[in-house]
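Colleague: Line order of the protein sequences matches chains A and B.
Read in order, the letters of the first sequence are residues 0 to 150 in numbering that gives the first Met the number 0.
Read in order, the letters of the second sequence are residues 0 to 151 in numbering that gives the first Met the number 0.
No wet-lab data here; the hints were simulated from the structure.
One thing to keep in mind: the hints can contain errors.
[Unchecked claim] Every beta carbon over 10 Å from chain B, so not counted as near; a handful from chain A, in silico:
| no. | residue |
| --- | --- |
| 1 | Glu26 |
| 2 | Asn31 |
| 3 | Gly37 |
| 4 | His39 |
| 5 | Glu46 |
| 6 | Lys52 |
| 7 | Lys70 |
| 8 | Glu72 |
| 9 | Leu74 |
| 10 | His82 |
| 11 | Lys86 |
| 12 | Asn88 |
| 13 | Glu92 |
| 14 | Ala125 |
[Stated by the list, open to error] Quick list of simulated restraints, FRET-style, between CB atoms:
| no. | chain 1 | residue 1 | chain 2 | residue 2 | range |
| --- | --- | --- | --- | --- | --- |
| 15 | A | Gly21 | B | Thr121 | 40 to 50 Å |
| 16 | A | Lys137 | B | Gln119 | 34 to 44 Å |
| 17 | B | Phe92 | A | Ala124 | 23 to 33 Å |
| 18 | B | Glu104 | A | Glu81 | 24 to 34 Å |
These numbers were taken from a predicted model, which means no experiment stands behind them.
Glycine residues also receive a C-beta, built at the ideal position from the N, C-alpha and C atoms.
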Amino acid sequence: MKHLLITLMLLGIALPISAQRGLHINEVFEGNVIQKAGMHKTLIKGESLEPYKLTVLHTAKFTAGSLLRDKVEALFSKDMGEHPSDKDNIELEYRDGHLYYAVVQIDDTRGGLHRYICYQCRSNAATNNITLAYMEGKATLADLRKTFKRK
Amino acid sequence: MNKVREENIRELLVRYLDGVSTQEELRGLGEYFGNTANLPADLISYAQMFALLDEKPKTPTAEALDRFSSPPPRKRWSIFLLPLSAAACIAAFVCILLMSPEREENTAVAYIDGKMVDDQQTAMQMGLEALQEIFSNGSQEEQQLSELFNEQ
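Chain A with its partners taken away, still in its complex shape:
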């Protein structure tokens, strides 16, 4: 029994180390909040992201009702709170009491790579078009803004 407890303790230390698994929004990417059938998702890793100074890009786009919008917003906000970063590296915009746009640099990986979580919710009368992204890489927030902002 003592050995079993030691094993569980070691595994408990080891497992949370792995990257995106520690984030609440991973529930969305894994399809536990929104059904996969209603989602457009991408997962890109490796060399193809080198021109953007990124190593991981995970995006999800979907349409949600107000309840699901609230749930996704809550998960995103939890991640913002639990993985704090420099206040200068956060862009937030709220509209009608809801998160509308967010680009947040969270704590770095243990390898020193920057991590970002992004959220956008464009609302019409009844639906909310949500885009969610997770990024990892050497790119700074200024780099990302310069690269991806439409002219």
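Using the hints provided, position chain B relative to the given structure of chain A.
Modeller: What follows is chain B alone, placed relative to chain A:
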């Protein structure tokens, strides 16, 4: 064996305290202090000391000795538990290190309505478009124009 007499007891005690007593002298001192009823006052403390030295230490029982000599038998499964636990921990650490983002292998997949599209170009296009949408979001006018066209 020469009987220890009161006259030379002090001399023997000095030899005892100097650590040069023979076994015979030690026995003589023990007998003297064990058998003499009326000791001079200055020798009573020595009599107490020799009484303590004469006490035999208690010997442990056979049952207690057995308990120490043979530990309780280990359960068969517990013999394998330690190496298995160590192996599981090592495997977990290796898996995590291999899956860490710093060692990411090249992957580019897209999922459209739950269906996997294993095409790097499509995945890249969708991913970058999503980022462009997010990072271009700042302008409120764009949103208002979009809503205006949607209404028409």
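Colleague: Each of the hints needs a verdict: does it hold here or not?
Modeller: Hint-by-hint comparison with the structure:
1. Glu26: 16 Å, holds
2. Asn31: 13 Å, holds
3. Gly37: 7 Å, violated
4. His39: Violated, since 6 Å does not exceed 10 Å.
5. Glu46: 5 Å, violated
6. Lys52: 13 Å, holds
7. Lys70: Answer for lysine 70 of chain A: holds, closest chain B Cβ roughly 19 Å.
8. Glu72: Holds, because the least Cβ-Cβ distance between glutamate 72 of chain A and chain B comes to about 15 Å, which exceeds 10 Å.
9. Leu74: Fine: 17 Å to the nearest Cβ keeps leucine 74 of chain A off the interface.
10. His82: Per Cβ check, histidine 82 of chain A is outside 10 Å of chain B; nearest 15 Å; holds.
11. Lys86: 18 Å, holds
12. Asn88: 14 Å, holds
13. Glu92: 8 Å, violated
14. Ala125: 12 Å, holds
15. A:Gly21 to B:Thr121: 40 to 50 Å: Violated: the Cβ-Cβ distance is about 29 Å, outside 40 to 50 Å.
16. A:Lys137 to B:Gln119: 34 to 44 Å: For lysine 137 of chain A and glutamine 119 of chain B the Cβ distance comes to about 21 Å; the hint is violated.
17. B:Phe92 to A:Ala124: 23 to 33 Å: 52 Å, violated
18. B:Glu104 to A:Glu81: 24 to 34 Å: At 29 Å between Cβs, range holds.
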